[in-house]
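So the protein sequences, as listed, match chains A and B. For the first sequence, this note's numbering puts the final residue at 113, and the numbers step up evenly by one. For the second sequence, this note's numbering puts the final residue at 113, and the numbers step up evenly by one.
Since the hints were made in silico from the structure, they are not lab data. Built from N, CA and C at the ideal position, the CB exists for glycine as well. Don't take each hint at face value.
In the SDA-like style, the derived pairs of lysine to any residue whose C-alpha atoms are separated by at most 25 Å in a straight line are [unchecked claim]:
id, chain 1, residue 1, chain 2, residue 2
1, A, Lys57, B, Thr5
2, B, Lys100, A, Thr95
3, A, Lys18, A, Lys55
4, B, Lys100, A, Ser75
5, A, Lys57, B, Gln2
6, B, Lys49, A, Ser75
7, A, Lys3, B, Gly59
8, B, Lys49, A, Thr86
9, A, Lys3, B, Asp85
10, A, Lys55, B, Lys100
11, A, Lys70, A, Val24
12, B, Lys100, A, Thr86
13, A, Lys55, B, Gln45
Here are some chain B residues pointing at chain A (derived, C-beta under 8 Å) [unchecked claim]:
id, residue
14, Ser9
15, Lys49
16, Thr101
17, Gly104
18, Ala105
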Amino acid sequence: DVKVTQSSRYLVKRTGEKVFLECVQDMDHENMFWYRQDPGLGLRLIYFSYDVKMKEKGDIPEGYSVSREKKERFSLILESASTNQTSMYLCASETGGNTDTQYFGPGTRLTVL
Amino acid sequence: AQSVTQLGSHVSVSEGALVLLRCNYSSSVPPYLFWYVQYPNQGLQLLLKYTTGATLVKGINGFEAEFKKSETSFHLTKPSAHMSDAAEYFCAVLKGGGFKTIFGAGTRLFVKA
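Bound-form chain A, shown alone:
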């Protein structure tokens, strides 16, 4: 079974703090994604990566950056957390085929005070 793990299930941070969210997949997948999930808005893509050290902006990249130094690990960074970044963050991975399924981690619920 594919396993995607996220470093924290719940996280509380203060405005202005630098926040790191880690995601690890164990299936040698090429593509990895970070989404945020908000009620009524579904999932919105923040960034994705199709290879080590490669990244592409998604639909809402402002205020975020990412890092992919190793194939299995994809990190989301909030340089200076703000209250409007309070959300559920979901990481996903896929093999990279055209019709591929995404495999999701359990999510990190981030609260910024």
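Once you've looked at the hints, dock chain B against the given chain A.
Below, chain B without anything else, positioned relative to chain A:
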């Protein structure tokens, strides 16, 4: 541009009743279509997907969906709801050859005893 519309943010059915969750998409090219389910406090997992071929697709837990090109729809059905089906369901579309899966806003299914 692709988009996904899920009709109804909340759907309530009685146990044993038919489940029908509606999804319409727009895509300039034949899309790949997915339904994902999210149980409370978990990430998303794939229910079923349509790529090519047979337009009626069967998924896990007794769910199925039919791709209707003329109606640009991919509605999800299950003949008899079970309490364990209570969850949030997301319809998604991926343009063939693309990286980005577009998710609908989600439909929360409630099952009444």
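key: Which numbered hints fail   = 6 and 8
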